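J.: Chain by chain, the residues:
There are 2 protein chains.
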Amino acid sequence: MVAELISVGTEILLGNITNTNARYLAEQCASLGLSCYYQVTVGDNPDRLEGALKQALKRSDVVILTGGLGPTNDDLTKEIAAKVLEKPLAEDLHTRECIETYFKNSMHRVVTENNWKQALVPQGAKVIDNHNGTAPGLIMETRDQKCVILLPGPPNELYPMFEQDIRPYLSSLTKEIIYSRTVKIGGLGESFVATEIKDLLDAQTNPTIAPYAKTGEVHLRVTARARTTEDAKKMIRPVLKELKHRFGINIFATHEEVSMEDKLVSMLQKRGWTITTAESCTGGLLSGRLINVAGASNVIDQCFVTYANAAKHALLGVKNHTLKKHGAVSPQTAREMAKGAAKAAGADVAISVTGIAGPGGGTKEKPVGLVYIGCSVKGYIEVMECHFSGNRSKVREATVARAIDFARRCVIRYSK
Amino acid sequence: MVAELISVGTEILLGNITNTNARYLAEQCASLGLSCYYQVTVGDNPDRLEGALKQALKRSDVVILTGGLGPTNDDLTKEIAAKVLEKPLAEDLHTRECIETYFKNSMHRVVTENNWKQALVPQGAKVIDNHNGTAPGLIMETRDQKCVILLPGPPNELYPMFEQDIRPYLSSLTKEIIYSRTVKIGGLGESFVATEIKDLLDAQTNPTIAPYAKTGEVHLRVTARARTTEDAKKMIRPVLKELKHRFGINIFATHEEVSMEDKLVSMLQKRGWTITTAESCTGGLLSGRLINVAGASNVIDQCFVTYANAAKHALLGVKNHTLKKHGAVSPQTAREMAKGAAKAAGADVAISVTGIAGPGGGTKEKPVGLVYIGCSVKGYIEVMECHFSGNRSKVREATVARAIDFARRCVIRYSK
Chain A
1 MVAELISVGT EILLGNITNT NARYLAEQCA SLGLSCYYQV TVGDNPDRLE GALKQALKRS
61 DVVILTGGLG PTNDDLTKEI AAKVLEKPLA EDLHTRECIE TYFKNSMHRV VTENNWKQAL
121 VPQGAKVIDN HNGTAPGLIM ETRDQKCVIL LPGPPNELYP MFEQDIRPYL SSLTKEIIYS
181 RTVKIGGLGE SFVATEIKDL LDAQTNPTIA PYAKTGEVHL RVTARARTTE DAKKMIRPVL
241 KELKHRFGIN IFATHEEVSM EDKLVSMLQK RGWTITTAES CTGGLLSGRL INVAGASNVI
301 DQCFVTYANA AKHALLGVKN HTLKKHGAVS PQTAREMAKG AAKAAGADVA ISVTGIAGPG
361 GGTKEKPVGL VYIGCSVKGY IEVMECHFSG NRSKVREATV ARAIDFARRC VIRYSK
Chain B
1 MVAELISVGT EILLGNITNT NARYLAEQCA SLGLSCYYQV TVGDNPDRLE GALKQALKRS
61 DVVILTGGLG PTNDDLTKEI AAKVLEKPLA EDLHTRECIE TYFKNSMHRV VTENNWKQAL
121 VPQGAKVIDN HNGTAPGLIM ETRDQKCVIL LPGPPNELYP MFEQDIRPYL SSLTKEIIYS
181 RTVKIGGLGE SFVATEIKDL LDAQTNPTIA PYAKTGEVHL RVTARARTTE DAKKMIRPVL
241 KELKHRFGIN IFATHEEVSM EDKLVSMLQK RGWTITTAES CTGGLLSGRL INVAGASNVI
301 DQCFVTYANA AKHALLGVKN HTLKKHGAVS PQTAREMAKG AAKAAGADVA ISVTGIAGPG
361 GGTKEKPVGL VYIGCSVKGY IEVMECHFSG NRSKVREATV ARAIDFARRC VIRYSK
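The listed protein sequences correspond, in order, to chains A and B.
So the first sequence is numbered by the numbering used here: it starts at 1 and just counts up by one.
So the second sequence is numbered by the numbering used here: it starts at 1 and just counts up by one.
What the hints contain is simulated information worked out from the structure, not anything from laboratory work.
Note that this is a predicted model, so its numbers are computed, not measured.
Hints may be right or wrong, so weigh each one.
One copy or two, either will do: identical chains are not told apart, so a pair holds if it fits within one copy or between any two.
Straight-line distance between alpha carbons at most 27 Å, and here's what the computed DSSO-like set of lysine-lysine pairs gives [claimed, not checked]: (1) LYS394 / LYS104; (2) LYS319 / LYS343; (3) LYS214 / LYS394; (4) LYS270 / LYS244; (5) LYS324 / LYS339; (6) LYS87 / LYS146; (7) LYS343 / LYS198; (8) LYS198 / LYS104; (9) LYS104 / LYS126; (10) LYS104 / LYS364; (11) LYS378 / LYS339; (12) LYS270 / LYS339; (13) LYS117 / LYS198; (14) LYS104 / LYS366; (15) LYS83 / LYS394; (16) LYS263 / LYS394; (17) LYS83 / LYS58; (18) LYS241 / LYS366; (19) LYS378 / LYS87; (20) LYS126 / LYS263; (21) LYS198 / LYS126; (22) LYS263 / LYS339.
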């Protein structure tokens, strides 16, 4: 079964926004076993939208349109869909009531005449209530078993509507399910990982293995198509086993929703340990990422941002002699920062970061991108030297990711 | 002149990645005065790619294809373009040498047979060197004055190539230039801003005003089309003046590349002031954002992440009595955090944040999303109460943005 996505919106054509809806819907369709051969974006133009919809209905089975369901004159998706499918528009009483209620509850907004057009519904369409906005979703089935789905553009309206109503509907159309697991690897480069599983990538049929790179991580998504979820899980199991065999502790998670920091915080909670951080160039991004984990309060009390050398000395006890002789960006300083932070915070684990994020500050001996990451676990201290490329923002982002992975490995190493 | 974007890549159709290239190119085309009516994504499929290119050549003047220029068997864009434009492929010696040099300099990679196909070039095409990869860009002009441009998919190869070679080429095609300025507003909601300039939005022709919302900011992009940059600047000037008149100090920048933190750090540098932060739920994201500004070292020495109550007391001197009576999330605690941080760091300005990011921790009196932001400027302390919606990540992101804007306003207020 083939799905096609049509994104309606001049703001996408102008490059004002990134089309994240297309990515979300494409991923959802793939997970439902729908093949997607085309994604098209058109503006708020009736003729071009009509042409795109007609073309989609010729070549695809399911056409999902997002955007253009608002109350203004530029919003045409529903009108065009009704025209192409030759259905008259009539006011749906239930939807009108939903719109009235939505405005009553939203405190400061008055229904405008424009909004009533959102209560118009093509004859025969299945109306999907919108709990986060005024435009209902619509499912229209055509005479030749095709399906046209109209969804609102704002992600906070689209995502819940898709999850609650559209996904179940599409599931009923396809005879297959797709089940995925994501093997997440830290601290290894994408080409290295791809080389290590070249034989698996070349031979793949079902399940498939799709690698993709994130900052400091490589994800391997293993996907199986089958008649039931149970069958799909059975097909995936040996692939996961083989990947675990090949990558060992480089793998920090095997579920899509588990992040590196989730894993680290969870490991600390299991051991009843606390953690602190001492950051220089990353300026708080590392502690910020750890504290994003719900439940971080069980393992974190305080963290340090010691941007100036004087602060490294005053707060962490880094020796002035060390700063003078080796400099702030040195393994010696990273070591003393980790040791001092663990002591000052009374924490079992401490991660320290000191480096040159750029654009300025680099020299021949210590170029931009040079970063030292220190990790103290129950008094055992290791320091890692890194060389990152890219702009200031990229260097800091890569540093934070590497630091979390480094801490994870150190905690494993010194847990025995 | 009409441009069309064709993104080639199955990974986009599968929803594995977000199509940020389309957004970048759309924005670039708009800024060059090219109208964009269609954006299409197809996979690594020869028939569908050929169909998409033929259709694009019928309805558009400039067709820009990204992706599919790699060395593998799936990479077909060049072959299909050559077929559609009826040009034979032949090896380009210069490109072959570029590829050899690229591999020689890249330390650990060996040229594979596959890579040589990247040296094949359609007859008559203009070759654009790729300084960040192996695939050259290609510009092909057709018999009927149309233009097909092939560009590499990886953003770090695409962006520099477009900036250096494609932009000048496209500029020469169009008889108009487009010039934009972005008015950036902090601390006001998008609908409020849109209402304040409804008359301007309704009446706009040239220049145009496009509003769009970011977290904690609203950007108004004012764009003029003219024969010369000078003329465009003249057209924009009165619009900028009117916006400045209407929004006053709510505006923190009038250039696209200036962020809120750039502005705040710049203001502090001008005054010779230093700043510190004391964060709880945002965990370091605020200091992390400030320290992203090159030159932050002139104004920041150290920052505090006081996640536990004990840390707020020990590091910032927040009274145990205050924490017991009012709680960590209270205006009283925010005030004492700001005061204590300024003193402990010896800084002129201090920003404090304490709130409930969720998902847990909320009560009827203090729900998830409740955040207090304190700001101390030369001893004068103000506290702001905020209510944010969304998940943990969104609450923290919104808090950081609001805190930076709040500090900016306080610095202005207490500078007199």
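J.: Does each hint fit the structure? Answer for all of them.
T.: Hints, verified against the model:
1. LYS394 / LYS104: between (46 Å within a copy, 26 Å between copies)
2. LYS319 / LYS343: Both, since 14 Å and 23 Å are each at most 27 Å.
3. LYS214 / LYS394: So LYS214 and LYS394 pass the 27 Å test inside a copy (12 Å) and across (21 Å) alike.
4. LYS270 / LYS244: within (22 Å within a copy, 55 Å between copies)
5. LYS324 / LYS339: So LYS324 and LYS339 pass the 27 Å test inside one copy only (18 Å; across, 32 Å).
6. LYS87 / LYS146: For LYS87 and LYS146, only the intra-copy Cα distance (15 Å) is at most 27 Å; the inter-copy one is 39 Å.
7. LYS343 / LYS198: neither (46 Å within a copy, 58 Å between copies)
8. LYS198 / LYS104: between (59 Å within a copy, 24 Å between copies)
9. LYS104 / LYS126: Only inside one copy: LYS104 and LYS126 sit 25 Å apart there, 61 Å across copies, limit 27 Å.
10. LYS104 / LYS364: between (65 Å within a copy, 22 Å between copies)
11. LYS378 / LYS339: within (10 Å within a copy, 34 Å between copies)
12. LYS270 / LYS339: Cα proximity of LYS270 and LYS339: one copy only (23 Å, versus 37 Å across).
13. LYS117 / LYS198: The answer is between: 21 Å across copies meets 27 Å, while 55 Å in one copy does not.
14. LYS104 / LYS366: This pair counts as between: shortest inter-copy Cα distance 25 Å, intra-copy 62 Å.
15. LYS83 / LYS394: This pair counts as neither: shortest intra-copy Cα distance 48 Å, inter-copy 40 Å.
16. LYS263 / LYS394: both (23 Å within a copy, 21 Å between copies)
17. LYS83 / LYS58: Classified as both; 16 Å inside a copy, 25 Å across copies.
18. LYS241 / LYS366: Close neither inside one copy (42 Å) nor across copies (46 Å); limit 27 Å.
19. LYS378 / LYS87: neither (71 Å within a copy, 68 Å between copies)
20. LYS126 / LYS263: Result: close neither inside a copy nor across copies, 43 Å intra and 50 Å inter.
21. LYS198 / LYS126: neither (47 Å within a copy, 35 Å between copies)
22. LYS263 / LYS339: Close inside one copy (23 Å), not across copies (36 Å); limit 27 Å.
The structure does not agree with the numbered hints 7, 15, 18, 19, 20, 21 stated previously, though it agrees with the rest.
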